Each structure stands twice: as C-alpha cells, then as structure tokens.
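Asks: Residue strings, one per chain:
Number of protein chains: 4
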Amino acid sequence: MDAFNKLTEYFSEFPGIGPRQAKRFAYFLLTRNQNYLDELSRNIAAIKDAVTLCTSCYRFFLKDSPKTAVCSICANKNRDTSTRMVVSRDVDLDTIEKAGVYNGLYFVLGGSIPILEKNPERRIRAAELVSMLENNLKQGVLKEIIFALNANPEGENTQYYLEKFLEPLKEQYNVKLSTLGRGLSTGTELEYSDGETIKNALKNRQ
Amino acid sequence: MDAFNKLTEYFSEFPGIGPRQAKRFAYFLLTRNQNYLDELSRNIAAIKDAVTLCTSCYRFFLKDSPKTAVCSICANKNRDTSTRMVVSRDVDLDTIEKAGVYNGLYFVLGGSIPILEKNPERRIRAAELVSMLENNLKQGVLKEIIFALNANPEGENTQYYLEKFLEPLKEQYNVKLSTLGRGLSTGTELEYSDGETIKNALKNRQ
Amino acid sequence: MDAFNKLTEYFSEFPGIGPRQAKRFAYFLLTRNQNYLDELSRNIAAIKDAVTLCTSCYRFFLKDSPKTAVCSICANKNRDTSTRMVVSRDVDLDTIEKAGVYNGLYFVLGGSIPILEKNPERRIRAAELVSMLENNLKQGVLKEIIFALNANPEGENTQYYLEKFLEPLKEQYNVKLSTLGRGLSTGTELEYSDGETIKNALKNRQ
Amino acid sequence: MDAFNKLTEYFSEFPGIGPRQAKRFAYFLLTRNQNYLDELSRNIAAIKDAVTLCTSCYRFFLKDSPKTAVCSICANKNRDTSTRMVVSRDVDLDTIEKAGVYNGLYFVLGGSIPILEKNPERRIRAAELVSMLENNLKQGVLKEIIFALNANPEGENTQYYLEKFLEPLKEQYNVKLSTLGRGLSTGTELEYSDGETIKNALKNRQ
Chain A
2 MDAFNKLTEY FSEFPGIGPR QAKRFAYFLL TRNQNYLDEL SRNIAAIKDA
52 VTLCTSCYRF FLKDSPKTAV CSICANKNRD TSTRMVVSRD VDLDTIEKAG
102 VYNGLYFVLG GSIPILEKNP ERRIRAAELV SMLENNLKQG VLKEIIFALN
152 ANPEGENTQY YLEKFLEPLK EQYNVKLSTL GRGLSTGTEL EYSDGETIKN
202 ALKNRQ
Chain B
2 MDAFNKLTEY FSEFPGIGPR QAKRFAYFLL TRNQNYLDEL SRNIAAIKDA
52 VTLCTSCYRF FLKDSPKTAV CSICANKNRD TSTRMVVSRD VDLDTIEKAG
102 VYNGLYFVLG GSIPILEKNP ERRIRAAELV SMLENNLKQG VLKEIIFALN
152 ANPEGENTQY YLEKFLEPLK EQYNVKLSTL GRGLSTGTEL EYSDGETIKN
202 ALKNRQ
Chain C
2 MDAFNKLTEY FSEFPGIGPR QAKRFAYFLL TRNQNYLDEL SRNIAAIKDA
52 VTLCTSCYRF FLKDSPKTAV CSICANKNRD TSTRMVVSRD VDLDTIEKAG
102 VYNGLYFVLG GSIPILEKNP ERRIRAAELV SMLENNLKQG VLKEIIFALN
152 ANPEGENTQY YLEKFLEPLK EQYNVKLSTL GRGLSTGTEL EYSDGETIKN
202 ALKNRQ
Chain D
2 MDAFNKLTEY FSEFPGIGPR QAKRFAYFLL TRNQNYLDEL SRNIAAIKDA
52 VTLCTSCYRF FLKDSPKTAV CSICANKNRD TSTRMVVSRD VDLDTIEKAG
102 VYNGLYFVLG GSIPILEKNP ERRIRAAELV SMLENNLKQG VLKEIIFALN
152 ANPEGENTQY YLEKFLEPLK EQYNVKLSTL GRGLSTGTEL EYSDGETIKN
202 ALKNRQ
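Chains as they are written, first to last, in the numbering used here: chain A, 2 to 207; chain B, 2 to 207; chain C, 2 to 207; chain D, 2 to 207.
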C-alpha cells in the first residue's frame, strides 16, 4: 500500500483518532516541507532511545547521562519510601504529580484489566509489581500500597484482581492496602449524583 | 398586559427556562382544551393547600387526613434519630432517599448562600435549624449533624457559614459536625481529575 | 391525586420537559407566594380568552377592542397578498417575521404529519387551507404558495401530502407552488456536509 | 530537546490536537514495538514521494506507474470539462466526490483567506487558479466556475477575494461564476434558523 493510505491507517490506531481525522493528519503532513517530515520521522524512530523504563516504578523517563536505572522520582531522597501508589498509566502519574499532594513513590501497571479478560496477567505488570513489592517489603521500608485506579468498572476490575494477587504478600508482611477515597468530586451537585457516589460520600464523611 | 405575554413572562422565571421555551409553553397551552387549562389552573392555585412544611425537617410533604405536623420520614419510628443530614433543597433530599443508604433524619435549608451574599440569613433557614437542633440536643438524642451540600463554591460557602453559626451549639452539646466525603465520584478517570479531587481522594483513602 | 403530583404530571407534558424538571417546577411553585400562584393560575385559565385564531391565516393573535377577525399581518395593507407562506406552527412564523425578509401572508397548519400517520388530515388544517386558498384564488390575488416546512422527514412528509392535496387547485387556478431553497445554511462547513445538502446546494447554485 | 518532548511538540501542531492529547500520542508510541515505529517513521518520510500534486486541479493524488501529470479525476474522459468547482481543501473535494452528484472538474485552493489577512495571495493558489482557468478558457471548453467554499466568514472572504481577482477573466471570456446555493440544509428546523439562512432559503425557493 502507498504511504498516504498506510499513514491514514496508522493514525487511526492513535488513541482517540477515527478514520476521518486520521486522513486529515495525512493531508496535513503533505502540506509540511520535507525537512519537517524528516525531523518528525527521525524523532519517532528514536523515541525509544530517548526514553527508558524505570527499573523500580516502571514509568517512562528520559535517559540522561550518566545513565541511571531509576527515574528522578524514585531517585529523589526526599520522597517518602513508605508508600507506593499503583496507577494504570504514565498520564495518571503525571496528573497526580501535577496536583502536588503526594510525596511517596509510584508503580505504573502499564494498563488495566477489562471486564471478562481471560488473560489479565498480560494486560498489566503484575509479576513486576509483586517482585518490586517483595523486595521493598523485605527491606522493611514499605508500609502502604495505595490503589489509584479509575473509578469505573475497568479500574475496579483491575483493583479486584490485584487485591487477590497481592493477598499472600499482605498476609506475610502485614502491609496495608488502601484505595483512593470515593465521594463527591469537585463540582458535583447532589441532585444529580448517583446512588453509589452518595453511598461512598456518606460512608466517608468526616 | 394580556394573558399570553404575561404567561410567557411567568414561565421565563421557571427554573432553567429561557424566553424562547417560555413562549413555546404559552403556545402549547393554546393548543390544549379549556378543560385541561382549568384543571392545570386549579391545581396550581391549590398546590400550597395540598402540601405543607414539616415542622421538624422543613421538607414539603403531602397533607394527609388526619393532619400531621411532621412528614413521613420524621414520623417513621425506624429512622435513626441520632443523625440529621442538612441539605439545600427538597430535590437533594429526594435524590438521597432514592439512593436508599441513609436512615437518619434530614433538615432542608430551603436554599444556599451565594459567595459575597450580604444577608446570608435570608437565604436559608438558619434560625429554624438552630432551634430544631437545640431542641433535639436537649433531649440528648442527636449525636451528629451531616452537611450534605453541593461540592461547589456556593455549597462550600453555605457550609462555612453554618459551621460558624453552629459553633456555640457544638461547644455546648459536644455534637459532631461531619461532611459528605470528597473523592473520586463514580466514573471519574484519574487522568482528567482536578488537583482538589485528587487531594481529597488521597486524604480519604481507606 | 394531590395537586403536587398532578402538577408534576401536567408539567411533564410540556414541550421538552421530562419528569425530573417537571418535579423541579412543582417545587419551584411551592416556594412562590399564594399571590403569584393565583395570578399564574388566573392567566392560564384566561389564555384562550386573550388570544384568538385569525380567520385568514390561523395564527394565534391577541384580541383587541374593537374585535377583529383577522390578525395584524393579514390586516396590514402593505403586505403582499400575492404570496402565502405555509408553516407548521406559530413559532415558525415568529422566526420568519423576525428575519424581516418576507412581506407576504402566511398560513399556519397547526402541526405536521409524521411518517406513517394514518389520519394525516387530523394533524394539520388541510381543509381550512384549501378553503382559504380557493377563496383567495377566486379573487385572483394569490399567485404563489410557498412551503416553509422543516427540512426533516416529518416536514418533507407534510409537504408531500399537501402537494397531492392541492394538486386540483394548482391545475384549476395555475397557482405556483414553491419550496424554501435547500443548500448550505449559515456556518456549514463543506467537509462535514451530507450528500443531500451538497446535491441541493449544487442544484441551487447561482 | 529529547525525542519524547519534541514529538509532543510536533503532535501539538497536528490539526485539532492540544498538548494533552499530543502527550498521549507520545506515550502511545512508547508502547509500540520498534518495528511499528520504524514503519510509521519510514512512511512519514516517504509520504511526499507517494503523492503528487495534480498539475491541473492541484489536488494530491497517488503516484502511479507509469507516472501521470494529472489525477484520475482530471484524466477521466467521462467528466464534464465545462465546469470547474473551486474548493479550499482536499477533504472538501473528497466529501463532494463521496456525494456522487458532481461530474465536472475541481480546483483545490490549498487553503482559505482569514478576515483581515494582509497577504491573501499567500494563503491560496490564486495565481495557479488564474493560469489554469485562462488556459481552459482559451480552449473554449470551460463555461462555469463554481465556488464551493464554507458558508462561514472565512469562506465568504475567500470567495469575495476570488471574485475580484477573477473579474478580468470573467469580462474577457464571459465565463459564468456561480456559488453553491444557500438555504435550509438537511435537518434544519425553521424555528431555530438564523435570519441569513431564511433570507437565502426564501430567495432560492423553487
């Protein structure tokens, strides 16, 4: 297939992009000069070289020189090593860091588990999570694992799977498993709230 | 002014109705038969006779015979009299009742206090609230007052005002003041959450 | 049934109003004073007395004294009596008058004909239209009937029915039947246009 | 700058993409394997080689072998060479072709002229248009130029500029300049129509 239609296909796979916008992207590229295209092309091919996975929290981070195995958060001596917050994706981590209210460490699952998924272990870094946690728990520094997953069925399914998966670890090391609080989020009007949110907001009143 | 334009004006005051839809309402009435109009008219004039304010929680309830001073919730022996949930409006109470997760009593403020309001006491039933609470506290049954206000600036302003207003009562009777929990509401995706919600969700983790 | 629930039911029949907003209307009325309710009630009962149907164009108009049989548009000597624009509802007429681009007369059908309707003649003032047209055509003033119906299936169905219904009149008096032009409406972007609109815009190019 | 942030910047320039989605694209690429990235990269660098500008209508078309100077539409003997439809972008042409109602030729301006633009000639292929038209007019085949621009201020501004620009040509060769018809587009309800659309629909009635 020609490069134009191939690109339209590729762009259709981008998150949130349908065939119509994919085609607009291809037309957009045609209006750029070759220099722009070469630069874009070069950076796409090189993106994996620029970035590496943190060996501790599995977030992507920019390779620096001298090369380090862990990201700037994991390497930061001022972060609280007694809590690990488990998130689905790097963008979730970015949003939480931006809020500036959490000073512990993270773990990026790299995805979430859809309802009825037959091979949940393929969707997330479950083995890597256990291995990292075990390591940390043996050293006696880790006290709490915080699940920070989306408040939707896929997020709840992921948490349900992980809670079972981490059960032995919890028993053995007596580590606390916690979940981000449910309740009224900013802007919520009671009149339009669902029963689940009201139930949680009532339970978590303070 | 004629009845048509007068009605258009009246309907424009209805909650959420602009002049265009108000006019459509007036045209709609013109297409109904006189019987319908007379019935509608009669019920509007009589609505206050059908409904009365509960002398305990100040919600509207249907008058029954024999006449009762308190609504069916306040009269229900199975409700827990140790908690009072303070809401802005009857519709909030309806939504919470529908959720079926709260078994205590209510108090309807009849409104909320906008930011910069100069006469906050005119907007809500603050005096009635204090009088009812005092009465209940003297009897020793009331243990907790739960604020269930909208999670927006107007709701927060209302709560701020009430907390100050109820300070003496709290001191004297050692009653607990609580607030519906903040956090992730149903469906929230972390990536799109605001900092305030993340902060609350983290604080209220469990 | 009590007045509160009865009103909620009535308001649910208002155009564009669901049960939730209907209930908010009922609660809103409870917060008004009796004077307001009596006034609203009185005007609803009296709306039909304030307004009458024009015997020529069948639009609603305010009764004046001395009483007139025709509305201010039909009575206006400066309006062009050679064209009649056929619209579904009074609100359509209002919108067209507001545009200030049409100086002829109107006829209000009082509705439109849904697809598959078995008794189309019950939905619109078809007999009244024919009678008025015949009258006007005999006098030799009327030259053109303009269909101004919604550009959707129901509007098209109504026009299709009327064209057949008026066929004999058209033959006998050689009156012109025309339709509002189809094409790009204000703000339309070609990229997002449907095939039908493009076809019409092309056919009606000028 | 590193490839990750560079790509985020590049993607932010894509049509309709903000910084947040641009970042999601970059993270998305990190989850692909190197093979995918190399393929995507290769096709982006090669897109201009796959596609060429038609020397007659200036639309992009896929290069075939044997190489042709004109696109499949311009080369098609069954197309009507007496009309040229002037559009802003390739996507507009695609939408019109999809409608299947136009059998003439096209000309793609490559853009449109914003209100207050100081160098309108830089925004569109005005010189190329004149040159092509002149060529066609000399041969005596071209009879009508159809403007098919967006029905918004930028489209109208572009047309206004072109009408002036083509004035001499029109005079000399007596070619007809036409515009896609304005009026009710599919789905339009009269009640919600703007005055401009009603004016055009009335003028273009038929």
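Incorrect hints may appear among the rest.
No distinction is drawn between identical chains; accordingly, a pair holds when it is met within one copy or between any pair of copies.
[As the list claims (entries may be wrong)] Calculated cross-link-like contacts (lysine-lysine; reagent style DSS-like; alpha-carbon spacing at most 30 Å):
| id | residue 1 | residue 2 |
| --- | --- | --- |
| 1 | K139 | K204 |
| 2 | K64 | K49 |
| 3 | K68 | K165 |
| 4 | K204 | K144 |
| 5 | K49 | K165 |
| 6 | K204 | K7 |
| 7 | K7 | K171 |
| 8 | K204 | K78 |
| 9 | K68 | K177 |
| 10 | K68 | K200 |
| 11 | K7 | K144 |
| 12 | K171 | K49 |
| 13 | K204 | K99 |
| 14 | K64 | K165 |
| 15 | K7 | K99 |
| 16 | K177 | K7 |
| 17 | K24 | K177 |
| 18 | K24 | K64 |
| 19 | K144 | K49 |
| 20 | K68 | K7 |
| 21 | K64 | K171 |
No lab work stands behind these hints: they were computed from the structure.
These figures come from a predicted structure and were not determined experimentally.
Asks: Determine for every hint whether it applies to the structure shown.
Replies: Comparing the hints with the structure gives:
1. K139 / K204: between (34 Å within a copy, 27 Å between copies)
2. K64 / K49: within (10 Å within a copy, 33 Å between copies)
3. K68 / K165: Intra 36 Å, inter 56 Å, cutoff 30 Å: neither.
4. K204 / K144: both (24 Å within a copy, 16 Å between copies)
5. K49 / K165: Classified as neither; 34 Å inside a copy, 53 Å across copies.
6. K204 / K7: Classified as neither: same-chain Cα gap 53 Å, cross-chain 36 Å, threshold 30 Å.
7. K7 / K171: Neither way: K7 and K171 sit 49 Å apart in one copy and 42 Å across, limit 30 Å.
8. K204 / K78: between (36 Å within a copy, 23 Å between copies)
9. K68 / K177: neither (34 Å within a copy, 55 Å between copies)
10. K68 / K200: neither (49 Å within a copy, 33 Å between copies)
11. K7 / K144: So K7 and K144 fail the 30 Å test inside a copy (50 Å) and across (39 Å) alike.
12. K171 / K49: Intra 35 Å, inter 58 Å, cutoff 30 Å: neither.
13. K204 / K99: both (28 Å within a copy, 16 Å between copies)
14. K64 / K165: neither (35 Å within a copy, 53 Å between copies)
15. K7 / K99: Only across copies: K7 and K99 sit 21 Å apart there, 37 Å inside one copy, limit 30 Å.
16. K177 / K7: neither (49 Å within a copy, 40 Å between copies)
17. K24 / K177: Neither. Shortest intra-copy (50 Å) and inter-copy (33 Å) distances fail the 30 Å Cα cut-off.
18. K24 / K64: between (34 Å within a copy, 17 Å between copies)
19. K144 / K49: neither (34 Å within a copy, 57 Å between copies)
20. K68 / K7: This pair counts as between: shortest inter-copy Cα distance 20 Å, intra-copy 36 Å.
21. K64 / K171: neither (34 Å within a copy, 57 Å between copies)
This entry does not satisfy hints 3, 5, 6, 7, 9, 10, 11, 12, 14, 16, 17, 19 and 21, going by the numbered hints stated previously.
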